[in-house]
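Novice: Knowing the structure of chain C, use the given hints to seat chain G on it.
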Amino acid sequence: MDQGVKRIMLAGVGGQGILLASRILTSGLLKAGFDVKSSEVHGMAQRGGSVVTQLSYGKKVYSPISGAGAVDLLVTLEKLEALRYVHFLKKNGSLLMNAKEIPSLPVLIGAAEYPADIEERLSSYPISLYTIDADREAEKLGNLKVMNVVLLGAMVKLAGLSELVDWPSVVAESVKPAYREINLKAFTAGQNLV
Amino acid sequence: MEKVILSGNEAIAQGAFQAGVGLGIGYPGTPSTEIIEVLEKKKGPECAWSINEKVALEQAYGACVTGLRSLVTMKHVGVNVAADPLFTFAYMGVNGGLVIVTADDPGMHSSQNEQDNRWYALHAKVPMLEPSDSQECIDFTALAFELSERYDVPVFLRMVTRVCHSRSVVEIDPEQKYVRQVRDYERNVPKFVTLPAHARARRVILEENLNKLTKDQAAKGINRMEITDRDIGIITSGAAYNYVKEAFGDRYSVLKLGLVYPIDQEIVYEFARQVKKIYVVEELDPYLEFNIRALGVECEGKKYICPFYELNPQIVAASLSKAGLEPLEELDPAAEEPAANVPVRPPILCAGCPHRSFFYLAKREKVTVVGDIGCYTLGAAPPLDGIDVSACMGGGYAIALGLTLNPPEGKKIFGVVGDSTFYHSGITGAIDSIFNKRHFVPVVLDNRITAMTGHQPNPGSGQTLSGEETFMQEPRRIFKAVGYDRVMEVNAYDLQKLRDAIREAKETEERVAIVIKSPCRLLKGVEKGTVPEIDKEACQQCKACLRLGCPAISLGSEGYPVIDSLGCAGCGVCKQVCKHDAIKEKEQEVEK
Numbered sequence: 010m011d012q013g014v015k016r017i018m019l020a021g022v023g024g025q026g027i028l029l030a031s032r033i034l035t036s037g038l039l040k041a042g043f044d045v046k047s048s049e050v051h052g053m054a055q056r057g058g059s060v061v062t063q064l065s066y067g068k069k070v071y072s073p074i075s076g077a078g079a080v081d082l083l084v085t086l087e088k089l090e091a092l093r094y095v096h097f098l099k100k101n102g103s104l105l106m107n108a109k110e111i112p113s114l115p116v117l118i119g120a121a122e123y124p125a126d127i128e129e130r131l132s133s134y135p136i137s138l139y140t141i142d143a144d145r146e147a148e149k150l151g152n153l154k155v156m157n158v159v160l161l162g163a164m165v166k167l168a169g170l171s172e173l174v175d176w177p178s179v180v181a182e183s184v185k186p187a188y189r190e191i192n193l194k195a196f197t198a199g200q201n202l203v
Numbered sequence: 018m019e020k021v022i023l024s025g026n027e028a029i030a031q032g033a034f035q036a037g038v039g040l041g042i043g044y045p046g047t048p049s050t051e052i053i054e055v056l057e058k059k060k061g062p063e064c065a066w067s068i069n070e071k072v073a074l075e076q077a078y079g080a081c082v083t084g085l086r087s088l089v090t091m092k093h094v095g096v097n098v099a100a101d102p103l104f105t106f107a108y109m110g111v112n113g114g115l116v117i118v119t120a121d122d123p124g125m126h127s128s129q130n131e132q133d134n135r136w137y138a139l140h141a142k143v144p145m146l147e148p149s150d151s152q153e154c155i156d157f158t159a160l161a162f163e164l165s166e167r168y169d170v171p172v173f174l175r176m177v178t179r180v181c182h183s184r185s186v187v188e189i190d191p192e193q194k195y196v197r198q199v200r201d202y203e204r205n206v207p208k209f210v211t212l213p214a215h216a217r218a219r220r221v222i223l224e225e226n227l228n229k230l231t232k233d234q235a236a237k238g239i240n241r242m243e244i245t246d247r248d249i250g251i252i253t254s255g256a257a258y259n260y261v262k263e264a265f266g267d268r269y270s271v272l273k274l275g276l277v278y279p280i281d282q283e284i285v286y287e288f289a290r291q292v293k294k295i296y297v298v299e300e301l302d303p304y305l306e307f308n309i310r311a312l313g314v315e316c317e318g319k320k321y322i323c324p325f326y327e328l329n330p331q332i333v334a335a336s337l338s339k340a341g342l343e344p345l346e347e348l349d350p351a352a353e354e355p356a357a358n359v360p361v362r363p364p365i366l367c368a369g370c371p372h373r374s375f376f377y378l379a380k381r382e383k384v385t386v387v388g389d390i391g392c393y394t395l396g397a398a399p400p401l402d403g404i405d406v407s408a409c410m411g412g413g414y415a416i417a418l419g420l421t422l423n424p425p426e427g428k429k430i431f432g433v434v435g436d437s438t439f440y441h442s443g444i445t446g447a448i449d450s451i452f453n454k455r456h457f458v459p460v461v462l463d464n465r466i467t468a469m470t471g472h473q474p475n476p477g478s479g480q481t482l483s484g485e486e487t488f489m490q491e492p493r494r495i496f497k498a499v500g501y502d503r504v505m506e507v508n509a510y511d512l513q514k515l516r517d518a519i520r521e522a523k524e525t526e527e528r529v530a531i532v533i534k535s536p537c538r539l540l541k542g543v544e545k546g547t548v549p550e551i552d553k554e555a556c557q558q559c560k561a562c563l564r565l566g567c568p569a570i571s572l573g574s575e576g577y578p579v580i581d582s583l584g585c586a587g588c589g590v591c592k593q594v595c596k597h598d599a600i601k602e603k604e605q606e607v608e609k
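Chains C and G, in that order, give the protein sequences. The C-terminal residue of the first sequence carries number 203 in our numbering, and the numbering is unbroken. The C-terminal residue of the second sequence carries number 609 in our numbering, and the numbering is unbroken.
I should point out that these hints are in silico values taken from the structure, not numbers from a laboratory. Please read all numbers here as calculations on a predicted model, not as lab measurements. The beta-carbon is built from N, C-alpha and C at its ideal position, and this holds for glycine as well. You may find that some hints are simply not true.
Stated by the list, open to error - Taking lysine-lysine pairs in the BS3-like style, the calculated list, with each CA pair at most 30 angstroms apart, reads:
| hint | chain 1 | residue 1 | chain 2 | residue 2 |
| --- | --- | --- | --- | --- |
| 1 | G | K293 | G | K237 |
| 2 | G | K454 | G | K380 |
| 3 | C | K154 | G | K601 |
| 4 | C | K185 | C | K154 |
| 5 | G | K603 | C | K69 |
| 6 | G | K523 | G | K454 |
| 7 | G | K320 | G | K142 |
| 8 | C | K109 | G | K592 |
| 9 | G | K237 | C | K109 |
| 10 | G | K194 | C | K185 |
| 11 | C | K109 | G | K601 |
| 12 | C | K166 | C | K100 |
| 13 | G | K553 | G | K497 |
| 14 | C | K194 | G | K20 |
| 15 | G | K380 | C | K69 |
| 16 | G | K58 | C | K154 |
| 17 | C | K68 | G | K237 |
As the list claims (entries may be wrong) - Facing chain C, from chain G, some residues (calculated, C-beta under 7 angstroms):
| hint | residue |
| --- | --- |
| 18 | S185 |
| 19 | I332 |
| 20 | A352 |
| 21 | P360 |
| 22 | P364 |
| 23 | M505 |
Said to hold, decoys possible - Examples of chain C residues toward chain G, derived with CB under 8 angstroms:
| hint | residue |
| --- | --- |
| 24 | G102 |
| 25 | P112 |
| 26 | I191 |
In isolation and in its complexed conformation, chain C is listed as follows (with noise of 0.2 angstroms):
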C-alpha cells in the first residue's frame, strides 16, 4: 500500500456538517492534483448517529475506504467519536480531535456514562493528539455551523496541505455567497489552531 497514497478519516455525528468538510478537502486536493477517492454514508447511518467519511489521495488511488490501523490523520468533530474510532490510525499517525461532547443515546438516558478520561486515555496511544475546540471558534465568528470549516483548517495544516493549494478559493467555491466570508474565517482560524 506504499503507492504514496495518504489517508484521512472524519468521523463525527450525523448533522455536524462532515460531508462539506470531506467535500471541500476532497476539491482542493483534486486542484492540489492529486488523484483522490472519498466514501460517504448516507440513509439510516445519519439518523444522529454515529457518520464516518474517508479520503484517500496521491499519485494513484484505488481504495476510497481503508480499514483499522492503516489512517494517517483522523480527524473527529466529537470526542466519543475520537475513541471510537482511534484504532483505524496507524502507529504514529495523528488525531485531530474537537473537544465538542455530544452525548449519545444512551448517554441521554442514563444508560451508559460519557466517557470522562477521553483525553487521558488517548494519550495513552503511540499516535499525536491536537485537540481544539472548533465549536468554540465558530461561536467566536458568529455561526456554530461553520465549526466543520474551522477543523478543515486545521487538518489541512497538520496535513502539509496548506502551500498546495488556494485553499481560500477552494472553500469560496464550495459555499454558497452569503456564507464565504465567514467561512473563509472559519478557515484561517483552524489553520492558526495547530
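Specialist: Chain G alone, transformed into the frame defined by chain C:
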C-alpha cells in the same frame, strides 16, 4: 473535457444523460437514491419516482418498447420486488436500451440484509456490468445501453455502497448536450406478448444473444488482464478490485472482470494459462468462484476471504497473507483492538419526529406491533422499544395479518407503515385483511414524504419529482374505499387523542384503521414550535420524558432532565408525558 469529482451515483446519471436516456425511474432506496435525483436536475430525460420497484421496472420496460432508452434504479432488495417482470423481460428483449441499476449494500449500512444481487444476473439471464469507480460508472452505463440494444436484452449495472457513495475523478464534457436516443417502434407480437409458445421461442433467442454478447469486442474490453506475475493471479471485480490493487499493487497478476454475467470463458482460460495459482477476491458470496470452478478452472477464494460484510484493502491483505501472499504494506496499527467501553451511538428518530409518539404509546398500551422499512424502524430501539417484528417493505401489514392467526398473549395486532411504504406495497395487505376477515389495525405514519432516503415525494406528497403539482392521495380515502368501517385520523403530537385511538382500535369489532398525520420535521416550511424548559421545582426526577428517547432531552448532572434549546423542535410531546407538569413553555420563542 474537464476533470471533476463525482460520486458513483452522480456518474451513473452522467452516463445515462450522455447516452441520451429517455426515462429515468426508480424507487428511492439507499444507496441508489441520488441517481434519479441527479438525472432529473440535468433536464432532458423524463424522470420520476415510482410507487415501487416493480412498477418502476415495468414502466421503464414500456418506455423501452416504444424505443426510448430507459434507466431504472433500486436498492438490492428492490430487485426482489421487481423480480417477477425482470425474468420475463429477459426473454422478451428490448427495443430501446433498458438498464437496471441494482445498488447492493454489503455490510448493511442502511439495509435489512446484504444479499448479493450478482446471482440475479445468472438467475434471470440478464447481463451484468460491475463498475469499480466513478469513471467506470459513466463508461459502463453508456456501454450497458449499447449492449442492451445490440443483443436485445436488459442489462444490469451492479453497484455497491462503496461505489455509489464514493467520489472519484472523472472526465466529462461540461458542454455536452442532451440528445435523446429513440428507436422506431414496430408491433411485434411474438416478441412482446409472452404466450407460452412465444416464450419458448424467445428462450432460445435469449440464449443465442447471451452467447453473442460474450464475443462482443466492447463487452470483452471491460474484462482486463494485468499480467505482472507468472505464479499468482487474482480474479476480482467491482469494489474488490480496488482493495486488491491497494493491498498488492502490481505484485500479482490480476484479472478484473467488468462483465460479471455472462462470464467470458476465453479470458478466464487465458488467465489460467498465464498464471500458476488463482485466487478469487470478491465481496459477499462466492459468485465468481462458483462460476470459475464450473469452467473447470481451479481457484481458491472464500477459503481465505470472509463471505459476509464489506471488505477493505487491509482485510484483503490480511486474508491472503494466510495463503502466503505478501501485501505491499506491513500494517503497523496504533492499537490492536478498538477502545473498550465506548457508549454506542446508534441512529435515532430526530427531535420532534412525528413517529415517536405512536411507539411510545404502543409499548405502554401493550399492543403487538409489526413494523416496516423507514425511519420509523428506529421505533424498535430502546427506550421506545415499540416494534415486535419488522422485515421488509409492505410487511408491516401482511406479516401482521399472519400474526392474527395466533396473536401473542391474545393481544390485538397493529401493523405500522409509513406513507411511502403504504403506497409501495402496504395497501395489498390491508385489502387482504378485509377479504379474509382477519382483523389487525393498520396504522399509517403519514409524514407526507419518503423521509429516510432524503425526502423524495410519494403519491401522498401532492407533487412529483420535478416539483409539479399532482393529485394528493389520502390513506383515509383508500382505507374507506377498500372496506374499512372507520378511519381515525390523529395528529401525531396529540398524545391523548392518539392514546384514545389506540385503545378504541384495541377493543372494537369494527374494521378500523389509524392514520397518524404530521409532516416530517425536516421538511422545508415546517415551523419549529415553542421550546419548553424543565421546572426543577415541579420535576420529581421520574425520567418519564427521557423514555421518549428524544435527542434534545438529556439527564443533567443534578439528576434533572435538560432540554437542549437548539436541538428541540418544540413538538410538545414531552410536556404531555410529564405527569408533574414540570415541562413548561418558555416565554420567548427561539429562532429556528
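Novice: G/K553 and G/K497: Cα distance at most 30 angstroms?
Specialist: Violated, because 47 angstroms separates the two Cα atoms, which is more than 30 angstroms.
Novice: Hey, C/K194 versus G/K20, does the alpha-carbon distance stay inside 30 angstroms?
Specialist: holds, 28 angstroms
Novice: Is the straight-line distance between the alpha-carbon of C/K109 and that of G/K592 30 angstroms or less?
Specialist: holds, 29 angstroms
Novice: Please verify that hint: G/S185, Cβ, nearest Cβ of chain C, below 7 angstroms or not.
Specialist: With Cβ-Cβ at 4 angstroms, under 7 angstroms, it holds.
Novice: Given the proposed pairing of G/K58 with C/K154, does the C-alpha separation stay at or below 30 angstroms?
Specialist: Holds - the C-alpha atoms of C/K154 and G/K58 are around 27 angstroms apart, at most 30 angstroms.
Novice: With a cut-off of 30 angstroms on the C-alpha distance, tell me whether C/K109 and G/K601 pass.
Specialist: Distance ~28 angstroms between C/K109 and G/K601 Cα, so the pair holds.
Novice: With 7 angstroms as the cut and Cβ atoms as the points, is G/M505 at the interface with chain C?
Specialist: violated, 28 angstroms
Novice: Was the hint right that C/P112 lines chain G, CB cutoff 8 angstroms?
Specialist: holds, 6 angstroms
Novice: Can you confirm whether the C-alpha distance between G/K603 and C/K69 stays at or below 30 angstroms?
Specialist: At roughly 57 angstroms apart (the allowed maximum being 30 angstroms), C/K69 and G/K603 break the hint.
Novice: Could you grab the alpha-carbon distance between C/K68 and G/K237 and see if it respects the 30 angstroms cut-off?
Specialist: The hint holds at about 28 angstroms.
Novice: For the hint on G/P364, just tell me whether its beta-carbon gets within less than 7 angstroms of chain C.
Specialist: Constraint on G/P364 satisfied, holds at 4 angstroms.
Novice: Quick check on C/G102 please, does its C-beta sit within 8 angstroms of some C-beta on chain G?
Specialist: With a closest approach of 6 angstroms, the C/G102 hint holds.
Hints 5, 9, 13, 15, 23, 26, counting from the list given before, are not met by this structure.
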